[in-house]
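J.: These are the residues of each chain, in order.
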Amino acid sequence: MTNTKQNSTDTQDKIKQYLISNSLAEFDAGVTENSDLFKEGFLDSFGYIELVKFLEKSFGIRFTDEELVSNKLNTLKNITDMVQGKIDAR
Amino acid sequence: MPVNTENKLCVRCVLPENFPGVRFNDEGVCIHCQQAPSAVDVLENVARLHREMVTAIEMNRGGRDYDCIVAYSGGKDSSYTLKVLTESFGLKCLAVTVDNGFMSEQARVNAKAVTEALGVDYQVFAPAWDFMSRMYKQSVDNSELHSKAAIKRASAVCNSCIGLVNVYMIRLALMHGVKLIAGGYIGGQVPKDTAILELNLDFYLKTREATMERYESSFGEDTRKYFDVPQELLQSSQMSKLTILNPMLALNVAEEEIIAQLAPLGWKQTIDTGVNSSNCRLNDFGIAMHYNTHGFNPYVFEISEQVRHGLMTREVALKKALSIPSLNDVQWQAKRLGVEIACAE
Ligand SMILES: [Zn+2]
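Protein sequence lines correspond, in order, to chains V and B. When you line the first sequence up against this note's numbering, it's residues 217 to 306, in that order. When you line the second sequence up against this note's numbering, it's residues 12 to 356, in that order.
Do not rely on the hints blindly, as some may be mistaken.
Sample of chain V residues lacking proximity to chain B, with all beta carbon distances greater than 10 Å (derived) [said to hold, decoys possible]:
(1) T225
(2) D226
(3) K255
(4) D260
(5) N287
(6) A305
(7) R306
As a list, the in silico DMTMM-like pairs of lysine to aspartate or glutamate whose alpha-carbon atoms are at most 25 Å apart [as the list claims (entries may be wrong)]:
(8) K273/V <-> D52/B
(9) K103/B <-> D76/B
(10) K217/B <-> E243/B
(11) K255/V <-> D76/B
(12) K255/V <-> E28/B
(13) K159/B <-> D304/V
(14) K232/V <-> E28/B
One-sided and incomplete, this derived list gives chain V residues near chain B with beta-carbon spacing under 8 Å [as the list claims (entries may be wrong)]:
(15) Q228
(16) S239
(17) L240
(18) G246
(19) F254
(20) F258
(21) S261
(22) G263
(23) L284
Since the hints were made in silico from the structure, they are not lab data. All C-beta atoms, glycine included, are put in the ideal place defined by N, C-alpha and C.
Taking the hints into account, I'd like the entire structure generated from these sequences.
T.: Structure representation (C-alpha cells):
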C-alpha cells in the first residue's frame, strides 16, 4: 500500500504490468489502452476479481459494488482513470 | 508416461521456464518463489483465512433448505471439504456431483460412502451427453474459448467443466435459498487468497457476458441452460450475493493427512484417474492436450504452490509435474469425444 500520490502515467504502467504478467495481455497494434479486456479474452470473472483485489491492495483504494458492476473497469484507460480518480480524491 | 526434461525448472518449486509470465533469478529461483511469503507468514495467512471463514460461515449459515451447497466431485479434496463443513462446522450441507460422463467408478462409490457416513443429502446431476461431448470437443478445437490467463489454472476441458459446475451450484443455491457455496479447490486452482469470496451476482453475470457469448457461439444450443443464471431465478430468490468458500485454502492440510482422515468414512483411492485427479477420467486427456499445445502441465502451478506452502515435498511434486500422459495414453477419451488427435509413432 502506498500513500505517496502518483501520477496517471505511473498508475497506468503499474496496471499494465499487472495485466501483462497476470492476464497475459499483450499491448500492441491490435490491443490498445482502449480495447475491451473482456472481449479480447484477457479477463474473465475470476481474472476480474483478482484484478480488483490487486488494485485495491496496491493503490490503497476501495471500489463500491455499483462501480464494480458499472462496466467502467473494462479497458486499461478506463481502469487507470477510475483508479487515478480515487487516488487524487484522497 | 514419458518424462519431460527439456525445460529448466525452478530449483525450489517445479515451475518450468516456459510457464506464462515466469522469470528466474541467477540462482534458478522463479519469481513466485522469490516473492513467496515465509513459512511463518504462510501459517499466519492460513490462520487469518480460517478466522475469516468462521466469520463468513456464522454470518451466512441458516439458509432456507440448507446451510451450504457443496460442489462435490467424490475426489479427496471435496470429500475432505464436505467432512469439515459437516463435522467441524456443523453445517447442514447439500452435496452435489455433476457427472460429466467420465466419472471414475471408484469416485462414485466414494461419494456414496462419504455422504452416507456423514449423513448429508446427496444429489447427482448428469447433463445430457450430447451437450457435454460437444462442450468438450469444442474446448479442444477452439483455442479462443477461455481467457488467456485461464491456461495457467487448468486445461481447456477442465476450465469448461468447472464453469458449468460453478453455475449449477449458483442456480441450486438460489433455488434453495442458500447463501453459502463451498468447493474443494486447492491453492493454485482458484484466484489467490479466495478462501472466501463474496460474489455479487449482478457483477458476476455482467463480467461473464463476453465469456458467455464465446461459449454460446461455440457450444450452440442449450449453452445458456448450463452456463447462465436466469434473471427470473435471481429475482425470485431475492438474493443479490452469495459467499463462495474454499475451505482447503484456510486449512492447509497435506495430501496424506487428507487421505488418512477420509479412510474411516469409506473413501478409497482411485486407480483410473491419473496422478492429478481423484475422480475424473477425462483429466489425463486434458493434461495431454494442454501439454501438447502449451508445453507445460496445467497442474504445475498448483503443485508448485503446494511445495511453496510446505504441503508437498519437491520430490513428490517433480514426479507429479513430470508425468505427462502421452497422446497415445488418451486415445479412448478422444474417441469417446469424437476428437481426432495425432498419435505419436
Ligand atoms: Zn519456484
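J.: None of the hints should be skipped; say for each whether it holds.
T.: Checked hints:
{"no.": "1", "hint": "T225", "verdict": "23 Å, holds"}
{"no.": "2", "hint": "D226", "verdict": "21 Å, holds"}
{"no.": "3", "hint": "K255", "verdict": "5 Å, violated"}
{"no.": "4", "hint": "D260", "verdict": "4 Å, violated"}
{"no.": "5", "hint": "N287", "verdict": "6 Å, violated"}
{"no.": "6", "hint": "A305", "verdict": "22 Å, holds"}
{"no.": "7", "hint": "R306", "verdict": "24 Å, holds"}
{"no.": "8", "hint": "K273/V <-> D52/B", "verdict": "18 Å, holds"}
{"no.": "9", "hint": "K103/B <-> D76/B", "verdict": "9 Å, holds"}
{"no.": "10", "hint": "K217/B <-> E243/B", "verdict": "16 Å, holds"}
{"no.": "11", "hint": "K255/V <-> D76/B", "verdict": "38 Å, violated"}
{"no.": "12", "hint": "K255/V <-> E28/B", "verdict": "29 Å, violated"}
{"no.": "13", "hint": "K159/B <-> D304/V", "verdict": "32 Å, violated"}
{"no.": "14", "hint": "K232/V <-> E28/B", "verdict": "22 Å, holds"}
{"no.": "15", "hint": "Q228", "verdict": "19 Å, violated"}
{"no.": "16", "hint": "S239", "verdict": "5 Å, holds"}
{"no.": "17", "hint": "L240", "verdict": "4 Å, holds"}
{"no.": "18", "hint": "G246", "verdict": "13 Å, violated"}
{"no.": "19", "hint": "F254", "verdict": "4 Å, holds"}
{"no.": "20", "hint": "F258", "verdict": "6 Å, holds"}
{"no.": "21", "hint": "S261", "verdict": "5 Å, holds"}
{"no.": "22", "hint": "G263", "verdict": "5 Å, holds"}
{"no.": "23", "hint": "L284", "verdict": "5 Å, holds"}
When the structure is compared with the earlier hints, violations turn up for hints 3, 4, 5, 11, 12, 13, 15, 18 and for no others.
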